[in-house]
Amino acid sequence: MVFVDSYPKTSKLVRRQFIVAFVALGIGALFGIVQALHRTGVFRGFVSSADYYTILTGHGVLLALVFTTFFIAGLFGWAVTNSLERELPQAVAWWSFRLMLFGSVLATVAILGGVLGAPTVLGQDLSADVLFTFYAPLQAHPLFYVGAALLIVGSWGAGLAYFKSLWEWRAENPDERIPLQTFMVVTTMLMWYISTIGVAVEVVVFLIPWSLGLIDQVDPLLTRTLFWYFGHPVVYFWLMPAYLVWYTILPKLAGGRLFSDPLARVVFVLFLLLSTPVGFHHQYVDPGIPAGFKTIAMTNTMFLLLPSLLTAFTVVASVEHGARQHGATGYVSWLRELPWDKPAFTGCMLAGLMFAAGGFSGMINAGMNINYLIHNTLWVPGHFHLTVGTAFALTAMAISYWLVPQLTGKRLRRRSVAVAQPYVWFIGMALMSNAMHRAGLAGIPRRTAEPTYDEFAFQSATGSVGEMRLQIAIGGTLLFVGAAMFLFVMAETWLAHRGGTLSVNSAIPEPLSGPEHSPRLLDNYKLWTAIALALIVIAYGPPLVSMVADGITTPGSPPFPV
Amino acid sequence: MQVHSFEKVWLGAALLLIVGFIATVTYGTAGAGVKMVDDSGGEIDPEAVKSGDTGTGFDDPGVVRQNDSHYVVYVVAQQFQFVPGSGDNPIRIPADTRVTFRVTSADVMHGFSITETNINTMVIPGQVADITAKFDEPGTYGLVCHEYCGAGHHAMGGSVEVVPKSEYEYNGTEVQN
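If you're matching them up, the sequences are chains A and Y in order. Going by the UniProt record's numbering, the first sequence opens with residue 1, and the numbers climb by one from there. Going by the UniProt record's numbering, the second sequence opens with residue 1, and the numbers climb by one from there.
Treat the hints as calculated values from the structure; they're not laboratory data. Keep in mind the model is a prediction, meaning the values are calculated, not measured. Glycine residues also receive a C-beta, built at the ideal position from the N, C-alpha and C atoms. Hints may contain errors.
Claimed, not checked - The following label-pair restraints were derived from C-beta to C-beta distances:
#1 A:Leu335 with Y:Lys8: 42 to 50 Å
#2 A:Ile552 with Y:Ser166: 50 to 58 Å
#3 Y:Leu16 with A:Val204: 39 to 47 Å
#4 Y:Gly31 with A:Tyr331: 34 to 42 Å
#5 Y:Asp60 with A:Ile197: 38 to 46 Å
#6 A:Ile552 with Y:Ala48: 16 to 24 Å
#7 A:Gly500 with Y:Lys8: 45 to 53 Å
#8 Y:Val19 with A:Asp341: 38 to 46 Å
Said to hold, decoys possible - Computed footprint of chain A on chain Y; a stretch qualifies when at least three of its residues, placed anywhere within it, have a C-beta under 8 Å from a C-beta of chain A:
#9 77 to 91
#10 108 to 117
For reference, chain Y alone in the conformation it holds in the complex:
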């Protein structure tokens, strides 16, 4: 097969670029510690989520303190709100603390994305999405449902209030560990 010399150079450069891209993604995982959303959240019956009958934190969604340095937030997404998150029920969490968001759906597919962060997951009925993060900067962050979920989809938003660690008052259920 005849491959012209310029083609060979181009081919080599293209392969180098591709391998470089794969290397940066690999570094992001291994070096910088960017973890993908995966199957660690497990499965759940969406109809039980709807009726509040799962026997998990989703039956009374909200912030649950594990210990001083780790909080878990159970969020149920449903047409057309986040519980907690939407309206006058924002998600309140401390800054500089490990926070795990556990998100699932009570009906159709939704999205869960916190603006100005890389917290972004699909919310699929039957699946639980687990994302762990730490917020350095206190403030109010936007919460968006980014997957079309029905005629009121555009109204489905919310907010996350990140409070300085020293001012954070935990008023949820007691430690569950």
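This is chain A alone, in the form it adopts within the complex:
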């Protein structure tokens, strides 16, 4: 049975979520190439340098929030339905989808208002050139903050649908272990609930009333801290779904099975515990925060390497097992026996490979003292284009080649384009990201329309600044081409007629070491949530208390509309 025929209701919802995700991806990618050409000085005819920041805001919000959240909601809906073998509770799931969509549209309209000359709406200029991080006291139109809040509240509803599904399943299967995919989804959503509290408080308590003029000022350091309380865990909200794909689907695509189910569960529990109390590592060079709290965040961040390092082992071991099932031998030559002509497999593998590189630059970022060298330089976007922009985005695109046929009942069209697409993305990202990392070491800042100054010129240790610019422009162009190729394959597949049988199905093979080898304690969500909260209180309690001790809006800044 094809997934769409077994679960027609959930399939319809997931298809809707994917369409929103893909539209956001298309617009975000378009903004991406505009930026790549503008900041490198190759072509500045699309927008003025002042409007560059509107495009940059749109790129960040549409890709890092809208594309990711909708795609994850769809992927998780499929995973829970597939592993618990029951349709999602429809009412909750659809309401959450509508709320997320409404919020995303509001935020997008507020951003696009900036390109359309900021017309007056509700007595304020309709613009939101505040970037993905929306640091106060730069102020956006209230619709932007309301939209962002609704998107997040909507995602909470999506999580509720997964929990309800699990509770119903539990009532019928009291003695069984939670299936691995559902375990991963629920652990990720618990982490998401805990971490989004920060941004919810920031937006609802401070920024919305402030943008409506109900309060005069906000404390920039406090709101920034609340943002980063959420701003690093959100990275794991992007990564854990990619891990779900790598752990549960990739081994099957390689012709094998997962190496160890218990270790996969341990990895996800570690993410639940350690993802949130690390946010201060984004504030290593902030004044107003004692060095001791930065050290606690640094230690937690370093231990957060552990689940990712374990993942590297388990995923590679599972894929190797798959290759050996098909007769491969040798220490390295088994790599040749893998199905490199399957776009879903290739995309996941290339994404994983790039994630290894991104992991290494992340270890540098986490180093409290060497962070001085690269903080807010182009190194940082170089890093997260490997993690979010490749580990997550390329995995999402790759697994769509496998998942969308099952959600629509239609065979993948334009297969040759799909086979080439992950390689185009990989090459584009290799060029762009390596040049960004090196430019960062030369001190060239991020988030700027024109990285050249009247007072001085940048010196580079290796290669020239001009050559780095060229690499970024060519890489950015290839990435845009890669996104367009993906959307083309999706559109052709989606619009085709059903016919013939599918070569893919949603059955997941049993792992080599099954859940029976893992202690039941791992399924004790209450315990893990309690420990996670305790760690957060240790990392965030004292600094937050000291920030609000002199009044929650002091020292405060009045708004600066942009």
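Go by the hints and put chain Y onto chain A.
Same frame as chain A, but now just chain Y:
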């Protein structure tokens, strides 16, 4: 719980790597003396900074000599310049001398980064960032605002001129200690 032998080896190596990283950072602080930007600069009212009414060195920003071996530089970052630093008003300081940069913002969030050095801090309204450094090599260094601060952000740069100690002429306000 079943953990395979290769997994155990990998787990041990991963933990060793993590502890090693933490040890190098700790050495950087304790041994090499890399000090983090912290809360020692204290708080300040950003609106008072804007109107030049703080009663501190930020009201007339510039270089202040504490003594022969220590200078303090007050810098106000605002849309879209550093005062001093930007345009034809570079920050001039002596080489081989302890220099403390005290930086704050008169409006929104900015960045303060001196190229080819590890002097790098966020400039947050309401907070004062204190960074102490010593420049061995005379020359002109670039100064960058690395946090988006509005539509003219890309124009916000500046420079730091480090002059050999023997040639340095102090023409700022007199010693304030």
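Hint numbers contradicted by this structure = Structure breaks hint 1 only.
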